[in-house]
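For the record, the sequence lines run as chains A and L.
So in the numbering used here the end of the first sequence lands on 212, straight run, no missing numbers.
So in the numbering used here the end of the second sequence lands on 421, straight run, no missing numbers.
It should be emphasised that the hints constitute simulated quantities derived from the structure, not laboratory data.
Yeah, the Cβ is synthetic: ideal placement off N, Cα and C, and Gly gets one too.
Heads up, a few of these hints could be off.
Said to hold, decoys possible - Going by beta-carbon spacing under 7 Å, a handful of chain L positions derived as facing chain A:
hint : residue
1    : Ala-131
2    : Arg-144
3    : Arg-146
4    : Trp-387
5    : Ala-391
6    : Gly-394
7    : Leu-395
8    : Leu-398
9    : Ser-403
10   : Pro-404
11   : Gln-405
12   : Val-406
13   : Arg-412
14   : Ser-413
Stated by the list, open to error - Restraint-style ranges between C-beta atoms, simulated for each label pair:
hint : chain 1 : residue 1 : chain 2 : residue 2 : range
15   : L       : Arg-138   : A       : His-85    : 35 to 45 Å
16   : A       : Arg-155   : L       : Arg-128   : 52 to 62 Å
17   : L       : Arg-150   : A       : Gln-147   : 51 to 61 Å
18   : A       : Arg-207   : L       : Ala-290   : 20 to 30 Å
19   : L       : Ala-141   : A       : Arg-158   : 29 to 39 Å
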Amino acid sequence: MTLVRTWIALTAIALLGVVQVASAERIEPPCLPGCGCSNDPPFVRTPVAQRPSAADYERLVSQTGDSACEVAATAVRSLELLGDHRAEATLIPLLRHRACRIRAAAAEALATTGSGASVAPLVGALRDADARVRTGAAWSLARVGDQRAVPALLRAVRDTSSHVRQGAATALGRIGDARAADALVRALKDSEKHVREAAADALGRLRSRPSS
Amino acid sequence: MWLVEPRLLAATAIATTAVCAAAVFARLVRGRASVRHLVWQGALVTSVVSALAAASPLRPSMAIPLPRLMASRTTASPAQPPSGDARTSAPTGRNGARIVELLWLAGFLGVAVRYGRALSCASALRRRASAAGERWERHVAAARARIGYRGPLDVLVSREIDVPVVTGLRHPALLLPVAASEWSDREADLVFLHELAHVERGDHLARAVGALAVALHWFNPLIWWLNEKATTESELAADEAVLGSGVRSTDYAEMLISVAERTVWRPATIPGVALVGRPMLSTRVHAILAMPRPRSAIGRTQRRVAIAAAAIVAATMGGARVRLVDARQPTSRPAAPSQRVSHADTATARTASPPVTTPRVERERVARTVRSVAPRTNFPSEPDDGWTARAVAGLTELLDDPSPQVRDAAARSLSRLGARR
């Protein structure tokens with residue numbers, strides 16, 4: 001009897017696993033042909049010391065230029081986790097890196113390290129061919145919250161990627177410029193629920209008067 | 001098998017006719033929620049009384065013509081007498097009647113036991129609740145004066161509910177959630193006005209009548225629908241009464257959204273009249289904003305007269321001894337009341353079908369409502385290019401979104417937009 005129960009439990013677990021795998025959404029889309037990414041496994045977030053020494057920090061910065069895609073991306077992620085504003089100068093040029101993974105990591109990292117100086121590069125990244133880069137740029141602009149990004153974000157709300165649309169709607173809400181109202185009202189009818197949610201939330205954050 | 005239980009058939013026919021008639025009438029009085037609720041409640045009372053009267057031994061005879069196919073089955077048996085109760089026609093008929101009776105009884109007991117258990121839960125909840133403080137007594141006294149209710153009402157605080165609920169049949173009690181302590185005085189006033197309006201209207205008793213109708217007609221989906229409709233209309237009628245007491249529609253809609261935003265939703269487990277339910281939130285906000293001017297509710301005497309009239313008609317019709325006749329047979333009674341009823345049913349069924357409403361038409365209706373309301377209610381109080389009205393329209397639509405996160409976000413934003421006044 002115990003054997004039967006064990007068998008049933010294991011079969012159920014196996015079936016659940018199969019269903020989970022089969023229904024799982026592929027989060028990371030494949031790289032575009034010729035983007036420059038090496039065919040290495042997806043990077044992982046590597047924990048780093050909270051306060052690295054100056055030498056370690058310099059080594060980390062230098063690793064962002066490593067020829068191995070995985071090493072460079074992990075270094076960018078580490079800079080993001082540190083949240084040090086000194087990294088902004090390192091990360092902005094990486095938005096034009098030939099490897100899309102590095103560009104995406106840099107765009108996301110600027111959310112914690114970026115300031116007003118990174119707005120223009122991030123706006124440029126909203127036109128990147130890779131959806132991950134555009135998504136990262138939109139979320140970073142949401143964090144930076146600069147009104148200069150509004151026109152580009154208004155375009156990004158109509159992006160083909162729902163993640164970009166969500167990030168752009170969130171960013172427009174954080175900026176609070178009433179020029180975004182019509183675009184956000186349109187986004188309320190988006191087919192993706194996370195976009196609708198972001199647009200609904202953003203509409204409540206808009207200021208009544210258009211910002212000058 | 002249905003032919004051998006004409007009492008059930010008669011009660012079902014009367015209840016169905018009442019629902020169709022109520023649907024037609026409710027469409028004619030679209031503007032007034034209290035009148036619509038009275039119509040739905042009348043139909044529910046008709047359903048209950050007709051079922052009870054059908055079980056009475058003192059029933060006059062009434063003939064109901066059947067369509068051809070049904071009639072051919074009825075008249076196929078030579079053992080069937082030309083008149084009288086069909087139950088006594090044949091042994092197979094008796095067995096069928098017994099089966100139908102048992103089936104009906106099982107369904108009735110199933111629904112009744114469920115409701116009885118919920119009633120006992122509500123009673124236990126009331127016993128466990130603690131008395132409300134002085135602050136609430138003050139608000140209740142103010143609400144009593146504005147609504148005009150002088151009957152008994154206990155005000156209690158319970159840790160087991162999330163929204164205010166009116167419960168109890170003979171002696172109603174208003175149960176407040178613990179989170180009520182976070183309400184502002186203005187919110188508390190509006191909540192008590194709404195709940196007192198329910199109590200004054202006797203909605204706690206009306207829901208019990210609805211539950212009884214559903215138990216008696218558990219096999220009839222129209223009665224379940226009717227009960228839902230009556231529940232919705234009772235909320236709208238209470239809202240109407242609140243607005244009739246001089247409350248601004250935007251203040252009231254804002255309070256509903258604000259309470260809904262702070263509420264963790266759980267399925268209702270006790271019978272009672274809750275302040276706000278998420279599935280109805282959008283409907284109510286629309287209705288509140290669309291109410292053109294404060295209206296006075298229907299008086300208690302008028303309500304009682306209307307319900308009594310419905311009960312008398314139902315008792316007369318439902319108590320009639322039904323005799324099934326073949327529609328093909330030429331009848332020598334041109335003025336038979338059953339035939340008049342039958343023709344009326346057909347006409348009612350034709351007119352009761354609702355017009356086809358596409359989602360686009362519905363969206364445009366909502367947008368029109370909000371646009372027409374926005375300038376009057378000063379919803380966007382600061383000068384803008386009108387985007388607030390468009391945002392409110394879009395967000396209000398989103399309150400019906402299938403995703404709870406989206407609904408939450410929409411409710412939050414509506415609350416923020418409303419709070420800018």
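Structure-based check of all given hints:
| no. | hint | in the structure |
| --- | --- | --- |
| 1 | Ala-131 | violated, 38 Å |
| 2 | Arg-144 | violated, 36 Å |
| 3 | Arg-146 | violated, 32 Å |
| 4 | Trp-387 | holds, 4 Å |
| 5 | Ala-391 | holds, 5 Å |
| 6 | Gly-394 | holds, 4 Å |
| 7 | Leu-395 | holds, 6 Å |
| 8 | Leu-398 | holds, 6 Å |
| 9 | Ser-403 | holds, 4 Å |
| 10 | Pro-404 | violated, 10 Å |
| 11 | Gln-405 | holds, 5 Å |
| 12 | Val-406 | holds, 5 Å |
| 13 | Arg-412 | holds, 6 Å |
| 14 | Ser-413 | holds, 3 Å |
| 15 | L:Arg-138 to A:His-85: 35 to 45 Å | violated, 55 Å |
| 16 | A:Arg-155 to L:Arg-128: 52 to 62 Å | holds, 58 Å |
| 17 | L:Arg-150 to A:Gln-147: 51 to 61 Å | holds, 59 Å |
| 18 | A:Arg-207 to L:Ala-290: 20 to 30 Å | holds, 28 Å |
| 19 | L:Ala-141 to A:Arg-158: 29 to 39 Å | violated, 56 Å |
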